[in-house]
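Participant: Can you make the complete structure from the sequences, with help from the hints?
Under my numbering, the residues of the sequence shown are numbered 412 to 665, in order.
I should point out that these hints are in silico values taken from the structure, not numbers from a laboratory.
For clarity, every value in this text was computed on a predicted model and none was experimentally measured.
This list has only true hints and no planted wrong ones.
In silico DSBU-like cross-links for lysine-lysine, where the CA-CA straight-line distance does not exceed 35 Å: (1) Lys539 x Lys474; (2) Lys588 x Lys640; (3) Lys567 x Lys588; (4) Lys640 x Lys474; (5) Lys640 x Lys539; (6) Lys539 x Lys588.
Between beta-carbon pairs, the in silico distance windows are: (7) Pro527 x Trp579: 39 to 45 Å; (8) Asn511 x Tyr549: 42 to 48 Å; (9) Glu518 x Leu541: 29 to 35 Å; (10) Ala460 x Lys588: 37 to 43 Å; (11) Leu489 x Gly514: 18 to 24 Å; (12) His553 x Pro480: 46 to 52 Å; (13) Glu518 x His553: 45 to 51 Å; (14) Glu518 x Leu483: 19 to 25 Å; (15) Leu489 x Leu648: 14 to 20 Å; (16) Glu484 x Arg566: 52 to 58 Å; (17) Tyr564 x Arg615: 46 to 52 Å; (18) Pro480 x Ala577: 48 to 54 Å; (19) Leu472 x Asp619: 20 to 26 Å; (20) Leu467 x Pro616: 28 to 34 Å.
From the three backbone atoms N, C-alpha and C, an ideal C-beta is built for every residue, glycine too.
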Amino acid sequence: GFAFPYLIGNHINQASGLAWKEGQLDFTGAQMILTLKLVSVAMCYQDGACPDKSRLHPYGLSKMITTCPNILEYFSYLFAAGNLLSGPTFEAKDYFDYINRVGDWDEEHRPECRIPRPWMPGIYRFGKALCCGAVWIYFTGHGINVDLIESEYWRKDLSFAVRCLALWATIVVYRFKYYAVWCISESGMIFSGFGYRMRDEDGRPRWDRYISSHIRQVELNPSLADTPKHWNLCTGLWLRHCAFTIFYLVFIFF
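Facilitator: Dropping the structure here:
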């Protein structure tokens with residue numbers, strides 16, 4: 412009950428990121444990830460304490476926590492350096508299984524859970540981060556940035572068609588900043604083995620357990636309605652299974 416109001420208050424105080432332009436340190440990005448984790452671990456532990464498991468959604472049943480984590484496990488999950496600053500968020504159940512090498516990481520008893528060498532997929536994902544970062548740096552350095560559409564020049568000196576084109580280009584370039592930091596975080600998860608998701612039907616290892624976006628599907632998707640399914644994936648999953656549940660309960664009781 413305290414995490415969300417505190418987050419909203421800090422967003423208002425930091426003016427939604429404008430503090431960065433003034434040279435101040437804006438910690439609300441990391442606080443958003445921390446809030447997602449706090450709410451998620453609390454709900455998963457509540458699901459684990461539910462006496463009638465038949466009432467749980469299959470997803471909640473698969474992610475529930477039946478024992479209270481110790482203090483080291485708890486803070487290790489909350490402040491995992493690989494994703495605290497930029498995401499993607501992940502479930503506490505998966506993290507505890509990973510550090511204890513059980514469940515999907517039970518290499519001792521389940522040969523299919525043995526993590527393959529992550530070097531090539533990790534380097535590939537990190538290379539993707541460098542490419543996205545280079546795109547963002549190049550175009551923002553040539554004036555395609557948010558300052559352009561906030562300027563008098565954009566509002567008064569450009570035609571309507573050019574303003575629309577500049578607005579579209581600015582938004583596309585702005586997204587590449589997120590792609591860059593997300594891919595760096597994802598590469599860290601891959602290198603650690605946490606991003607491994609078994610093998611596909613052809614026996615090839617999959618490294619997409621926790622990713623934030625499908626870049627090509629976002630940028631080249633012909634359907635605008637379908638695009639949100641490929642952007643900030645883990646946060647969208649959290650919203651469906653945690654936030655909407657909270658809003659539903661508030662609606663029922665109030």
